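Top line first, the protein sequences correspond to chains E and Z. Each residue of the first sequence is one higher than the one before, counting from 1 in the UniProt record's numbering. Each residue of the second sequence is one higher than the one before, counting from 1 in the UniProt record's numbering.
Keep in mind the hints are simulated off the structure, nothing from the lab. Since the model is a prediction, treat every value here as computed from it, not as a measurement. Each hint should be verified, as a subset may be incorrect.
Here are the simulated lysine-lysine pairs, DSS-like style, with alpha carbons at most 30 angstroms apart [claimed, not checked]:
1) Lys186/E <-> Lys164/Z
2) Lys80/E <-> Lys159/E
3) Lys70/Z <-> Lys126/Z
4) Lys126/Z <-> Lys159/E
5) Lys228/Z <-> Lys174/E
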Amino acid sequence: MGLLMNLTVNGLATGMLIFLLAAGLTLIFGLMSVLNFAHGGLFAWGAFSGVFFYGITGSFIISVVGAILTGIVLGFITEKLIIKPVYGNHVQQILITLGFMLVLSEMLKVVFGPNQIAAKTPDYLSGSWEVGGVILIKYRLFIILIGIIVFAIVQFILKRTKIGLIVRAGVINKEMVQALGIDINKVFLYVFMAGAALAALAGALMAPYSGVVYAEMGLEFAILAFIVVVIGGMGSFPGSLLAAILVGLAGSYMAYFVPSLSLAVNMILMAVVLIFRPQGLFTAKEA
Amino acid sequence: MSRLLTLENVHTHIGQYHILQGVSLTAEEGEVTVLLGRNGAGKTTTLRTIMGLNPASSGTIHYDGQDITKLPTFSVANGGIGYVPEDQAVFTTLTVEENLKVAMRKEDEAAMARQDYVLTLFPDLKKFWKKEGGHLSGGQKQMLAMARAFVNDNRLMLIDEPSKGLAPIVIESVMEAIREMKKQTTIVLVEQNFSMAAGVGDTYTLIDDGKTVQNGRMEELVRDEELKRTYLGIA
């Protein structure tokens, strides 16, 4: 029982981190039809800036805020310089964002050096609690909590605010949104910046979780995020949450019970979902 | 009466296709101008070009004395032009209430009063207030699309084939709503059903192969059997 609980908490924590990364990706795809392979680069920059700000301030909260701001600024630059010229052209989007992903990774090496850097967990989130014989690691519970809070906030914005309404309408019919007098390009920019902020937040939270940050981590986790977006349904926010939890749990259980399959489990999961529901668990219109 | 909209020799390309090859028309304030022509003549593209959705490659479009030819779609709409597309383009997973809310430029007292007035024109929408747009019937979707364009105090409405695919009894309600809207706004209407067009139209513009072939008063067209036979296939 204790083992299963531990595996579940591990899986949920990993799932929530992937969700934070995939959430931005799916919002960007759902509204803007942009395949952003540079998303992992924004995640890695979030991780490095989190470690950097933690190092100079000693405050975990400031490090997370600093990472989010870094994500917002990089998101602004990426949308304006990289994404905007290739709206509507998926082939160009894939090429240019993949290229920019490499640029972002190499820039990390230029700024922070080529070696991996250790990331510390703040004292108040270190250690564990023992509840009924089950050991619950504090930082993992914290990540799960943050994932739930972020999901609730984004859902609130999408369902209860005017900008959320515009985003949901834009996912369904961008052209009509413009014909109602709304500057969809501005909305695109805001959504892109929000997606980049979520990626950076995921990076900042991932750093203490994995203990180190390295320039290639963006590409590694971006692949997981893309799997989650495909399983959840391209453009669906709740779909991403569900798919991220599935991927996180499957990875956690398989790593323990069938280690030889642990690397393949995500691909198997994606293949199974695509066979029975090619559109993913949810559709984009349910974003 | 003043001229609210003027198109002069407008050409529009979509990809490699030269769709509009010289459309000229005017819409006088307070009137209904009907665009007539066969399928594929360029009527829908004309409305989309006015909205900036398929920008004109040459020619000029003036609205309320201002050149809007090169303006982006959202600026055209914010200038006071409402658009009801041929496929209604209702936001399917948004409720009726949300479909109207997303369109409202303001949400002050005056805007809410305007919404109440619009709902008196389309009372069915009130019944389905919390229902998603995708679950409405064809007629209800049409009414929602028209209400969404009319919920702001627009001076000009562009309405594309509102009767398409609707049952006769629903068409009559839609036409009644257009007659009511006409009291408050100027309308450019694309309509295939000639008897309906003649029933609400004050002026017409006849388009064939992407070009304007004739403009005039609707009552003149009603009497011109030759023109109707040649361009509209009405015997």
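Earlier hints that do not hold, by number:
Violated hints (numbers, rising): 1, 3, 5; every other hint is consistent with the structure.
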